[in-house]
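Visitor: Single-letter residue listing:
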Amino acid sequence: MTAALLTLLVAPVQEPDDAALQRVLAFQDRLQKVVEKVRPAYVFIGGGSGVCISKDGWVLTNHHVAGPTGREWEVRFTGGKAYNGRVIGHDPLHDISLIKLDTTDTLPYAELGDSDALQIGQHVIAVGNPFMLGTGQGGQPTPGGHGRTDGNWDPTITFGIVSALHRHQDAYSDAIHTDCQINPGNSGGPLITLEGKVIGINGRIAMRFHNRVNTGIGYAIPSNLIRNFMDAYKAGGRVRRGYIDGVTVTNCGHEGYENSGEYGDGVLVVGLTEDTPAAKAGLKEGDIIVKIAGHRVVNDNRFHGVLSTYPQTSIVPIGVKRKVAGEWKEFDLKVWLGDPNHFKPPEDPKRD
Amino acid sequence: MSACMFLAGCLIQGGTDLQDALSKVSQDARAKVSPSVVAILVERSRDPEGVGPRGGRSDIAEFQNRPKGPCSGTIVSADGLIATSAFNISGEIKSISVTVAGFEQPFEAKLLGFDKEKDIALLKIDAPRELPVLPKADLAALKVGHFAFLVGRAPDPANATINFGIVSALHRFGGSHLQYDAELNYGNVGGPVVDLQGRLIGIATHIRPKTPWGQSGGVGFALKMTDFDKLLPQLKTGGRKERTVQRRASLGIVMAAGPRNMKGVMVSDLMPDSPAAKAGLKVGDVITEVESATIEKAEDLNKALERRKPGDTVRVKALRATDDGEYKEFQATVTLSEEEEY
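From first to last, the protein sequence lines stand for chains L and S.
Read left to right, the first sequence gives residues 1 to 352 (the working numbering).
Read left to right, the second sequence gives residues 1001 to 1342 (the working numbering).
Just so you know, the hints here were simulated from the structure itself, not pulled from any lab data.
Treat the hints with caution; some may be incorrect.
[Claimed, not checked] No farther apart than 27 Å at their CA atoms in a straight line, the calculated lysine-lysine pairs in the DSS-like style are these: (1) K81/L <-> K1297/S; (2) K1278/S <-> K1317/S; (3) K321/L <-> K350/L; (4) K1143/S <-> K55/L; (5) K37/L <-> K1143/S; (6) K334/L <-> K321/L; (7) K1328/S <-> K100/L; (8) K197/L <-> K1143/S; (9) K234/L <-> K81/L; (10) K100/L <-> K1263/S; (11) K1263/S <-> K1282/S; (12) K33/L <-> K1024/S; (13) K1124/S <-> K1136/S; (14) K1136/S <-> K33/L; (15) K1210/S <-> K1309/S; (16) K1094/S <-> K1124/S; (17) K81/L <-> K1143/S; (18) K1210/S <-> K1068/S; (19) K1143/S <-> K33/L; (20) K81/L <-> K1263/S; (21) K100/L <-> K1297/S; (22) K197/L <-> K100/L.
[Claimed, not checked] Stretch by stretch, here's where chain L covers chain S in the computed footprint (C-beta under 8 Å, at least three residues): (23) 1017–1023; (24) 1144–1158; (25) 1171–1185; (26) 1252–1266; (27) 1270–1284.
We put the CB at the ideal spot given by N, CA and C, even for glycine.
From just these sequences and the hints, can you work out the full model?
Guide: What follows is the structure, encoded as structure tokens:
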């Protein structure tokens, strides 16, 4: 109590200008400490980036950096310490490869965070190796080489905000959109919150005129998607992205259908095949799917986007609106995701 | 008493909301720094360094060329020494005029010296009164993740531009430069990079049309003031250090080490107008052979290219990943371009 009072008494003595500066300096200090904490967990892989997410050496990167299961890499941490690693699992569409380092050392790592808790406008940092400025060319001497440096294994930190969430950009079905400056060489590197948690793996940028330089638009694969697939990655090989077999949907507000709601309400079920996972889940034609696993479904793009963040054979809750006796009722169903020709769907997903 | 304290607390609280505080700090920094930023207008008879790849005439390259109009400089002594990027004064110069805040007429500037490797140049103007010099930041205390502002020219130097960013890395180009993510462009290069209190960290440098990081890509550099001070004596006495430009035959790629269980050099990036791209190579391809010479690592590829001239045509064998994770070999014929080292 005494301490609190003292603080109150001391604070007003400062000049208002100084207060603004002190506030920003305190924020700078916080940012710098996060940088100091996560920078050692960054790794260099070939011409790209990665991040170590456990003390025993699981490393996340992009598929377009490390390639498929079985490929072996020399992976170097910030500062240059090298380990041999091997790709254990991969997902070419979501652009993730998981590497295991061959070591018994206790390694610096940054934990995976909860990307569903992200807010638009939230500050984030990216760690990467744009234009290979931190390595030279793979640590090789680089006569005539671009991005010539000393090969001192010194990554680049950039700072920005979350510009948007749940972007569906080609195969990136649920991307975090950030204005953190990410460039060629940042691929596979982490997007990190000011709590020091990895909430995405940076992998794409929007370019102009094929000029491979950041334009303020970068995309990261969210940590929760990665977590959904982690067991599949660790089990080795390739993973399959979820979808609901047996249902055809269209955007709400479609002129061709009665009671199709307004665009943005969800997606309208316009086709259903008997004896499929969709039918077994209890969906009916005319239903409006408004939520999937707690995520609002605004249109068909988001519908497919959110489903593919779950591996096939997952069972997810979906929120459905149905007109019953002239009244809209809202309820939840459970639906099995996957290809029934490849995996055996349960007879009744509600009981699983 | 307690009501009074509560009120005071509120005022501080309201005034110190992060966004408001940052806005205030940015305005203060700009106000402090602007008088030491000058606008430099250079007239040239030729400007070979100011044009992008292929003479800046390809569809995409127009914005890579140096635009018309002034660029930035930083006052570094009260008697009229001005630091700027050597890129800003490259080419065949007819005249350099410098506009300083508070003076109606621009000054004719003399180019004292430059070092193109560090991308720094020193100009001198004769001003009738002392010019404002910025205090220096303590570079030993500067850390990655600290905030940095890049302040640049406007036609009216009293209204300088300010870009916000953080220090991205402290050790670039042999350690003489640091890297930041504030947007660096042809207009603000040569201006001061300062800390939150407007203290001078370095001079914005290392932007050229042919750099792969380009403009406003969030990869900017500054010559550290500690290194600037070391160069100052030779710049003052007319030192003129050219870049040792090596022109060599090039595939127009950025190389990277490939997987350990594969031999070859991976294409990590393609340069603008890359000959390799024109021949159909893509990022991620692994080059294994150039004209029957086996390529296992970057050195092998450099060696194979050393023997060729720009314009030569070479047969390249490479591997490309297929959708099922396998690699498929293919051949391409590449007409080598000329590449500069930087």
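Visitor: Give a verdict on every hint.
Guide: Now the hints, each set against the structure:
no.: 1; hint: K81/L <-> K1297/S; result: holds (20 Å)
no.: 2; hint: K1278/S <-> K1317/S; result: holds (15 Å)
no.: 3; hint: K321/L <-> K350/L; result: holds (18 Å)
no.: 4; hint: K1143/S <-> K55/L; result: holds (26 Å)
no.: 5; hint: K37/L <-> K1143/S; result: holds (13 Å)
no.: 6; hint: K334/L <-> K321/L; result: holds (14 Å)
no.: 7; hint: K1328/S <-> K100/L; result: holds (26 Å)
no.: 8; hint: K197/L <-> K1143/S; result: holds (20 Å)
no.: 9; hint: K234/L <-> K81/L; result: holds (24 Å)
no.: 10; hint: K100/L <-> K1263/S; result: holds (21 Å)
no.: 11; hint: K1263/S <-> K1282/S; result: holds (17 Å)
no.: 12; hint: K33/L <-> K1024/S; result: holds (23 Å)
no.: 13; hint: K1124/S <-> K1136/S; result: holds (20 Å)
no.: 14; hint: K1136/S <-> K33/L; result: holds (24 Å)
no.: 15; hint: K1210/S <-> K1309/S; result: holds (20 Å)
no.: 16; hint: K1094/S <-> K1124/S; result: holds (16 Å)
no.: 17; hint: K81/L <-> K1143/S; result: holds (22 Å)
no.: 18; hint: K1210/S <-> K1068/S; result: holds (18 Å)
no.: 19; hint: K1143/S <-> K33/L; result: holds (10 Å)
no.: 20; hint: K81/L <-> K1263/S; result: holds (22 Å)
no.: 21; hint: K100/L <-> K1297/S; result: holds (24 Å)
no.: 22; hint: K197/L <-> K100/L; result: holds (20 Å)
no.: 23; hint: 1017–1023; result: holds (count 5)
no.: 24; hint: 1144–1158; result: holds (count 4)
no.: 25; hint: 1171–1185; result: holds (count 7)
no.: 26; hint: 1252–1266; result: holds (count 10)
no.: 27; hint: 1270–1284; result: holds (count 5)
In this structure, every one of the numbered hints holds.
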